[in-house]
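J.: One-letter residues, chain by chain:
Protein chains: 4
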Amino acid sequence: MSHSIPPDIRCAQDYEALAPRHLAAPTFAYVAGGSGHDLTVAANRAAFGQWHIVPRLLRDVGTGNTRITLAGEDYAHPLFLAPVAFHKLVHGAGEIDTARAAHAVDACMITSTLASCTLEDVARAGGPQRWFQLYFQPQREATLDLLRRAEAAGYGAIVVTLDAPIQVASRGALALDFRLPPECVAASLAPYPAAAPAQLADGESRIFQGVMRSAPTWDDLAWLLAQARVPVWVKGVLHPDDATALRSAGVAGIVVSNHGGRSLDGAPASLDALPAIRAALGPDFPLLFDGGIRSGADIFKALALGASAAAVGRLQLYALSVAGALGVAHMMKLLLEELEVCMALAGCATVDQITASALQAKRTPC
Amino acid sequence: MSHSIPPDIRCAQDYEALAPRHLAAPTFAYVAGGSGHDLTVAANRAAFGQWHIVPRLLRDVGTGNTRITLAGEDYAHPLFLAPVAFHKLVHGAGEIDTARAAHAVDACMITSTLASCTLEDVARAGGPQRWFQLYFQPQREATLDLLRRAEAAGYGAIVVTLDAPIQVASRGALALDFRLPPECVAASLAPYPAAAPAQLADGESRIFQGVMRSAPTWDDLAWLLAQARVPVWVKGVLHPDDATALRSAGVAGIVVSNHGGRSLDGAPASLDALPAIRAALGPDFPLLFDGGIRSGADIFKALALGASAAAVGRLQLYALSVAGALGVAHMMKLLLEELEVCMALAGCATVDQITASALQAKRTPC
Amino acid sequence: MSHSIPPDIRCAQDYEALAPRHLAAPTFAYVAGGSGHDLTVAANRAAFGQWHIVPRLLRDVGTGNTRITLAGEDYAHPLFLAPVAFHKLVHGAGEIDTARAAHAVDACMITSTLASCTLEDVARAGGPQRWFQLYFQPQREATLDLLRRAEAAGYGAIVVTLDAPIQVASRGALALDFRLPPECVAASLAPYPAAAPAQLADGESRIFQGVMRSAPTWDDLAWLLAQARVPVWVKGVLHPDDATALRSAGVAGIVVSNHGGRSLDGAPASLDALPAIRAALGPDFPLLFDGGIRSGADIFKALALGASAAAVGRLQLYALSVAGALGVAHMMKLLLEELEVCMALAGCATVDQITASALQAKRTPC
Amino acid sequence: MSHSIPPDIRCAQDYEALAPRHLAAPTFAYVAGGSGHDLTVAANRAAFGQWHIVPRLLRDVGTGNTRITLAGEDYAHPLFLAPVAFHKLVHGAGEIDTARAAHAVDACMITSTLASCTLEDVARAGGPQRWFQLYFQPQREATLDLLRRAEAAGYGAIVVTLDAPIQVASRGALALDFRLPPECVAASLAPYPAAAPAQLADGESRIFQGVMRSAPTWDDLAWLLAQARVPVWVKGVLHPDDATALRSAGVAGIVVSNHGGRSLDGAPASLDALPAIRAALGPDFPLLFDGGIRSGADIFKALALGASAAAVGRLQLYALSVAGALGVAHMMKLLLEELEVCMALAGCATVDQITASALQAKRTPC
Ligand SMILES: Cc1cc2nc3c(=O)[nH]c(=O)nc-3n(C[C@H](O)[C@H](O)[C@H](O)COP(=O)(O)O)c2cc1C
Ligand SMILES: Cc1cc2nc3c(=O)[nH]c(=O)nc-3n(C[C@H](O)[C@H](O)[C@H](O)COP(=O)(O)O)c2cc1C
Ligand SMILES: Cc1cc2nc3c(=O)[nH]c(=O)nc-3n(C[C@H](O)[C@H](O)[C@H](O)COP(=O)(O)O)c2cc1C
Ligand SMILES: Cc1cc2nc3c(=O)[nH]c(=O)nc-3n(C[C@H](O)[C@H](O)[C@H](O)COP(=O)(O)O)c2cc1C
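Residue numbers (UniProt numbering), protein chains in the order written: chain S, 1 to 366; chain V, 1 to 366; chain B, 1 to 366; chain H, 1 to 366.
Don't take every hint at face value.
Unchecked claim - Calculated lysine to aspartate or glutamate pairs in the EDC-like style (CA-CA distance at most 16 angstroms, straight line): (1) S:Lys333 - S:Asp106; (2) H:Lys333 - B:Glu204; (3) S:Lys333 - S:Asp14; (4) B:Lys333 - V:Glu204; (5) B:Lys333 - B:Asp106; (6) H:Lys333 - H:Asp14; (7) V:Lys333 - S:Glu204; (8) S:Lys333 - H:Glu204; (9) H:Lys333 - H:Asp106; (10) V:Lys333 - V:Asp14; (11) V:Lys333 - V:Asp106; (12) B:Lys333 - B:Asp14.
Treat the hints as calculated values from the structure; they're not laboratory data.
With the hints as extra help, turn the sequences into a complete structure.
T.: Okay, here's the thing in structure tokens:
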């Protein structure tokens, strides 16, 4: 595994093109794939192609920058690392190296509950800005313990992911018979007992009475909000009514996301869901976006359509597989510079100035 | 012909992919094809792709189920077996095995007038919920006799199919020179004399004065409704005006269908026809849907757009060819579980909760 | 050149598929092609795909027929043979055999000014219903003489084609170096002197002052209308304003056409132009349609969108090349039966009953 | 390098098809490519395909011509040569030969600041109608000197290009490792010192504080307008608000352009931007258009959608590479004749008569 940057990487997306050289085919299929027939994966990408960015002339952007303030906190730029499980799948040091890269480029990394390093180790390796992604555990005590550990480790916010109580595997990964290797365990969950398999009575459904009986509900969220000492975000929102209900419930912000197409196959592109959600929430409510971002232009479009900031999922793993921590840092730098080029040519000196009027819906099917 | 389930069947649609291994090419072409250039077959499939299912968060679906009540009768789920002729074409035991499978998964099977087993044999083999699909016969006596036999055999409803007075063969099947093998006869029709070929006067049309002169009209339907002692449904409705006229005529329900693209090539996708028909009929009139269903997500979309229940045609034959009765039962189980996954992720605990608001029209051409 | 019908002809369009076996490649390219990049040829075909035909149930069409009355004259069906130059290009007997076929199927053939047999010979060979397509000649005397000869030969209407003062060749035919063979001459024009090549002064345009100086204008049409003793139609109308102006000028009917994509490359599909023209003219003005018809469903759609009758161009030549007069007659019979099937399944017993309500715009891009 | 016209050139666009035979692959990739993934290059072309040209009948265009008056000046036709850098890349004599060709066909050539011949040499070689394209130089004195030299050399207008402060290279050209050969230098810029590389403080952005700090602003434009003794146009406008602001600032005209897709990858097609800009400026303000023109029909569409005149970029280089000055002149003649054919068939005797009513938006996706 080479840890220097290949010379033919010219934009962030090139890490996606090169990753298959550094990953076993089933692993790449697992990462690149989504759920089922990967319809939502494809939709996520196609959605960006529906928008053009309109250049503007003669504006002075010489003092431009990408700084943002999100829920009262300052960030160097609007680019986050989305929570992604099991980084060791693609790179020996796992999340430790990702965290180092994030630190190097002043990016806030959201560590997954399913990280292959413990949340404490990741916290130690990374920079000052870190968030923790929480999955509700079968037992409330385990959930609470995870929360307290994350708070203790200095995670500044909790992102609870709610869109994936069921995950149907991607047919591509199934076809290649992908299996998680033994070194990929959810390190932070080691202390907690495994969930007992659901006992179904006759005529009960494996889905409704099985998996879903233990899925979190509004009550569970209320409980979590009452317990948490740091802001709680909810990840996986696609419907405006869920967004406004979550705001009323007291969450600090939401992440518009379809889990990178890895939850319900056939769900809308997250970019397509974004404008209505922003409209429902009004201009100020904190809103993170992910799903399909492969370039700075994609980030620009998400910001223009209402995101306060944007996160990348797969690109992290691709860059990590190609060139380790260096790759992740480089990939992030490329994304940011691509974003700055768009801002400069669209005449936006700050992230605030990126609005829907900078976009034009595509008229022409190419 | 293997009768165990191949290991690489991971979703209901996989039976379609595997069927060509179990069927002669002309037979597969005949089943898979529609009419003419198969335009409507393609449209049926494409229509489902125009809709996304919007996930909802945190709803309690732990007591969820798929039960429905249709025209006063309870069903374990909203999935029917559409009437399909000549099951012996793909499997030695023919409809007998399909009926067993239907029974095993609590599905109502609609036996075709053109079944390759007699309606009485099919009734004996299957479960308590069975409907009979009726084609008007050249002689009223034959039609009436069929009706009486179906009633006597305990079929709970009659589905009279009206959309196929003419069926132009699919070019694909013609090209492979498909012919019905001798064992495929319409077993239930054996007692009745064959229709005399139409005698055309000079200048008369083979279509208008030939085939269509004996096609059923509103009067014939009125007669049938007067005779029948069980509810009568009409299958093949695509126009809202026909739907409301049929309701006024007294049918118990309608089946929105284009005969799986096997009647008028160029007819609209049946899913595209569905919303206007539901709108014309109001929310309560019983409405079955078929055409192009290959997954639980497709069923979910049909239910959301107004169907009370949905039926599968070709999937039956595909599963039957691959793994006999076991295959059909397995295929149905897969469809139902796929439906339950969609319901769970869309936050619908019951079929009633599946409404158009769960869908979003596709914005993005992929 | 075989003159029996190949067994694998199952629909009218199959003649198009088989023609390349009977024609030299440059000849096929010349016939199949249009102008330039063949954009309008493609648009003509694609336009039909934008419409579905909605089946209707239970209507009595047992007395159905395809008869129409057009400008006071009765026709057995709404299908004409469009004027097409040089039939000898594809078949030794040329227009003589086409005329025989037209007669056999009671179709009105519109003989081209550029026929490779004289208009008198074609008239003798064919049936009682014949129209003559007129191109204005460089000298008025020649035009007038042609008109008088056509009237004398019993042509019941004159169709003056106005859309092709310039014809840029198709790139496909150019690439194969197609040239008209010596036997293909405009037989009816033999008596008249060839046009003198335009003399251009310095700075004058080969287009404006060359070709177009002798192109017909409204004055020429008025002159023609004053001279003609039979009804005069105008062919090549795509704009509603031209249509209404022509009606005011006194033409008996118009042909909505883009010359089969052989005039302005990039002109709209003629089917797309049809509805607005019918709307501008009101329901009763005689309106013939051509462009892209390959099936009875296409004819049905043209009739539904406002055509009084429809004409086929290329299919004539394809059928003629494959099986001579027999082929043309067979192709026309297939088209008519395909039309009747659509009428029957759409519940239309007569051509009058084919209206826009029988169509549904395609919702789904396949 | 052959300097006679190949026999298989039948339309202007054929020069694009043949250019790869006369250019090294990296050079062709550099010319044909745009920026990044060439999205805007593709959009430019696709936009023309969204419009049909509607033929009109019987109009007298025998006195037709293509003359226009633009900002008070007469031109033989509405076709300009867009400013294109480094013609020596494709042809030994560079801009000298292009200027000769322009003269031969009475076309106004806009010489680039980055011409590989000096602006004075190009002026001497060409015809009386010449414009100069100006890039702001790092030092105002250099900019002013260029302006004075252009005025002194008889350039009738200055076109200041503002859309390309940053140009990301096309991935295609990067992949082939294209590099400008040593003979390709910006000859007119030889007298001026090279720009000092930007000095970035810690944390400053290579984009905002680097490249963009020296990009021209509204003040710079005001300064230029005050200095210039000839009319000043601005090139690169895509937003109506920029267009109206530029008019208020006092520019003589604008060029709607996205730099042929070589500036912001993902910018709208320039044809798609055109109608709104014309609407914002009203009917009379001088407006040049470029981007994607490959045929006379494309020019017609641009004129119909609001352009006063149109310019070609790449076609110049393609024709120059294939057949030198002769090729460029021939290509221009072909374009003009293609335009005249469209005008004639659309019934437009003059450029003024080409209006939006001559177009019809494409209804049918082919
Ligand atoms: C391999 C993989 C693992 C993921 N694991 C998690 C996870 O543990 N928790 C979570 O909330 N999201 C997870 N996601 C979803 C991401 O947070 C994010 O929503 C998605 O990747 C964004 O789409 P993108 O990959 O196109 O950028 C995962 C995504 C991938 C590709
Ligand atoms: C091989 C085959 C035979 C069929 N036979 C009948 C029949 O006898 N009676 C009937 O009403 N419909 C018949 N149908 C139509 C089905 O009932 C149903 O409308 C259609 O198959 C639904 O589309 P799907 O196959 O895409 O699910 C048949 C369909 C197929 C594919
Ligand atoms: C080879 C060929 C020759 C034609 N010659 C004439 C002609 O002489 N006069 C005329 O009015 N139209 C002529 N047309 C146009 C046809 O009348 C008609 O408009 C067109 O073919 C209809 O489109 P279709 O071929 O798709 O049916 C010709 C078309 C073709 C293909
Ligand atoms: C190789 C190349 C060099 C160019 N150089 C310049 C330039 O120096 N100045 C400028 O204003 N535009 C330049 N352009 C842009 C053209 O002026 C014009 O906007 C563009 O080529 C129009 O698109 P088209 O090539 O599709 O016709 C260049 C374009 C190309 C292809």
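J.: If a hint holds in the structure, say so; if it doesn't, say that too.
T.: Hint-by-hint comparison with the structure:
{"no.": "1", "hint": "S:Lys333 - S:Asp106", "verdict": "holds (10 angstroms)"}
{"no.": "2", "hint": "H:Lys333 - B:Glu204", "verdict": "holds (13 angstroms)"}
{"no.": "3", "hint": "S:Lys333 - S:Asp14", "verdict": "holds (13 angstroms)"}
{"no.": "4", "hint": "B:Lys333 - V:Glu204", "verdict": "holds (13 angstroms)"}
{"no.": "5", "hint": "B:Lys333 - B:Asp106", "verdict": "holds (10 angstroms)"}
{"no.": "6", "hint": "H:Lys333 - H:Asp14", "verdict": "holds (13 angstroms)"}
{"no.": "7", "hint": "V:Lys333 - S:Glu204", "verdict": "holds (13 angstroms)"}
{"no.": "8", "hint": "S:Lys333 - H:Glu204", "verdict": "holds (13 angstroms)"}
{"no.": "9", "hint": "H:Lys333 - H:Asp106", "verdict": "holds (10 angstroms)"}
{"no.": "10", "hint": "V:Lys333 - V:Asp14", "verdict": "holds (13 angstroms)"}
{"no.": "11", "hint": "V:Lys333 - V:Asp106", "verdict": "holds (10 angstroms)"}
{"no.": "12", "hint": "B:Lys333 - B:Asp14", "verdict": "holds (13 angstroms)"}
In terms of the numbered hints stated before, the structure departs from none.
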